[in-house]
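All chains, please: the whole structure from these sequences, using the hints.
Each chain is listed here by its residues.
Protein chains: 2
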Amino acid sequence: MQSTALEKQLAFLREIDRLKTVVRQSSLLDKSRKENSAEHSWHLAMYALILSEYACGPINKNRVIQMLLLHDIVEIDVGDFPIHSESSNESQTEQESRAAERLFGLLPQQQGNELLGLWQEFERAETDDAKFAKALDRFQPLLVNVFTGGGTWIESSVSFEQVFSRYGPIIKRGAPLLWAVCEQWVTRHFGE
Amino acid sequence: MQSTALEKQLAFLREIDRLKTVVRQSSLLDKSRKENSAEHSWHLAMYALILSEYACGPINKNRVIQMLLLHDIVEIDVGDFPIHSESSNESQTEQESRAAERLFGLLPQQQGNELLGLWQEFERAETDDAKFAKALDRFQPLLVNVFTGGGTWIESSVSFEQVFSRYGPIIKRGAPLLWAVCEQWVTRHFGE
Chain A
1 MQSTALEKQL AFLREIDRLK TVVRQSSLLD KSRKENSAEH SWHLAMYALI
51 LSEYACGPIN KNRVIQMLLL HDIVEIDVGD FPIHSESSNE SQTEQESRAA
101 ERLFGLLPQQ QGNELLGLWQ EFERAETDDA KFAKALDRFQ PLLVNVFTGG
151 GTWIESSVSF EQVFSRYGPI IKRGAPLLWA VCEQWVTRHF GE
Chain B
1 MQSTALEKQL AFLREIDRLK TVVRQSSLLD KSRKENSAEH SWHLAMYALI
51 LSEYACGPIN KNRVIQMLLL HDIVEIDVGD FPIHSESSNE SQTEQESRAA
101 ERLFGLLPQQ QGNELLGLWQ EFERAETDDA KFAKALDRFQ PLLVNVFTGG
151 GTWIESSVSF EQVFSRYGPI IKRGAPLLWA VCEQWVTRHF GE
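Protein chains in written order, with this note's numbering: chain A, 1 to 192; chain B, 1 to 192.
Heads up, simulated BS3-like pairs for lysine-lysine below, C-alpha to C-alpha not over 27 Å straight-line:
| hint | chain 1 | residue 1 | chain 2 | residue 2 |
| --- | --- | --- | --- | --- |
| 1 | B | 172 | B | 131 |
| 2 | A | 61 | A | 172 |
| 3 | B | 31 | A | 31 |
| 4 | B | 61 | B | 172 |
| 5 | A | 31 | B | 34 |
| 6 | B | 8 | A | 131 |
| 7 | B | 8 | A | 34 |
| 8 | B | 31 | A | 8 |
| 9 | B | 31 | A | 34 |
| 10 | A | 131 | A | 172 |
| 11 | B | 61 | B | 131 |
| 12 | A | 34 | B | 34 |
| 13 | B | 172 | A | 8 |
| 14 | A | 61 | B | 61 |
| 15 | A | 61 | B | 131 |
| 16 | B | 34 | A | 8 |
| 17 | B | 61 | A | 131 |
| 18 | B | 8 | A | 31 |
| 19 | A | 8 | B | 61 |
| 20 | A | 61 | B | 8 |
| 21 | A | 61 | A | 131 |
| 22 | A | 8 | B | 131 |
| 23 | B | 8 | A | 172 |
So the derived list for chain B, only partly shown, Cβ under 7 Å to chain A, looks like this:
| hint | residue |
| --- | --- |
| 24 | 9 |
| 25 | 38 |
| 26 | 41 |
| 27 | 46 |
| 28 | 50 |
| 29 | 62 |
Covered by chain A, per the in silico footprint, the following chain B stretches (three or more residues, Cβ under 8 Å):
| hint | stretch |
| --- | --- |
| 30 | 12-18 |
| 31 | 24-33 |
| 32 | 64-73 |
Since the hints were derived computationally from the structure, they do not count as laboratory data.
Note that this is a predicted model, so its numbers are computed, not measured.
Ideal placement from N, C-alpha and C gives every residue a C-beta, glycine not left out.
Structure representation (structure tokens):
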């Protein structure tokens with residue numbers, strides 16, 4: 001029996017409940033536990049809502065919010081790839097693309113294609129909307145590390161230079177004024 | 001020393017990290033633990049993104065998404081008031097209003113007032129946007145209860161009639177077609 005559009009949409013919304021069980025490297029600011037990818041996505045959408053004036057160029061705030069709401073759902077199939085890990089980028093990209101096709105494929109075709117397109121735009125990071133979204137996705141964990149006294153930088157023995165090279169270009173490209181603040185924080189944190 | 005706009009915005013974004021520690025009555029669909037209000041807000045924003053075609057009237061999907069992202073942040077100060085509790089509605093409303101003023105008051109004035117207005121619009125539930133947002137905020141926990149075999153209805157000894165009266169009017173008003181599905185689920189669940 002063919003599923004109705006609504007049945008497909010509800011199946012998708014039930015499936016993505018699992019993003020709440022994907023645990024990231026970053027902790028909450030109170031250090032009580034690690035953050036999960038669903039609450040991280042909520043927080044990033046709030047970052048976009050509040051900080052849109054710092055984007056690199058003219059952006060559509062609501063598209064950025066939508067992008068950030070769904071940017072991590074592929075982690076339901078492939079897990080979180082930490083920024084400081086050594087995993088192969090090629091295999092990660094392939095796995096995430098397959099996951100995106102499976103997940104957005106649960107939706108009615110037109111809606112699924114639209115959201116898959118938005119996810120792909122985020123991944124390619126060529127538009128101003130996507131560049132700003134990517135910048136926030138780097139800015140939030142950096143902020144957490146600074147305000148928890150080091151966080152994943154200490155756990156993974158990350159150096160001052162590595163922070164600059166792993167976060168800097170992406171944050172600076174999408175939100176230069178936010179990177180200026182990061183430079184001050186990171187310099188102070190590492191006592192440079 | 002006066003804080004800059006950006007300093008205020010970052011203080012707000014750090015403060016709302018605490019929404020991740022507010023635990024709701026509903027569990028995750030896999031029943032592994034209770035849901036928190038931050039990941040609940042993410043999921044509701046996704047519900048709005050996916051289900052906007054079922055709204056009662058002409059809505060602005062992006063305003064609804066924004067509303068749902070921030071609808072629960074007052075719980076940082078006052079906690080979650082469960083739907084099946086006996087708390088006084090008057091005192092709840094007062095406490096939540098004070099919390100909204102404190103939290104949105106952390107932001108630069110104009111931005112804070114805009115978002116406070118959006119939160120108040122949600123609470124008043126008079127516009128189509130707010131009615132649809134309120135409907136989703138009832139629909140999601142109902143779905144969780146149905147797909148976890150009873151959930152909070154069993155824990156709080158909630159009857160068939162109470163489910164109809166506590167969820168029905170609000171879901172039906174904002175999203176009549178979603179309520180039609182709920183009626184089937186709830187009737188089957190209670191074996192009526």
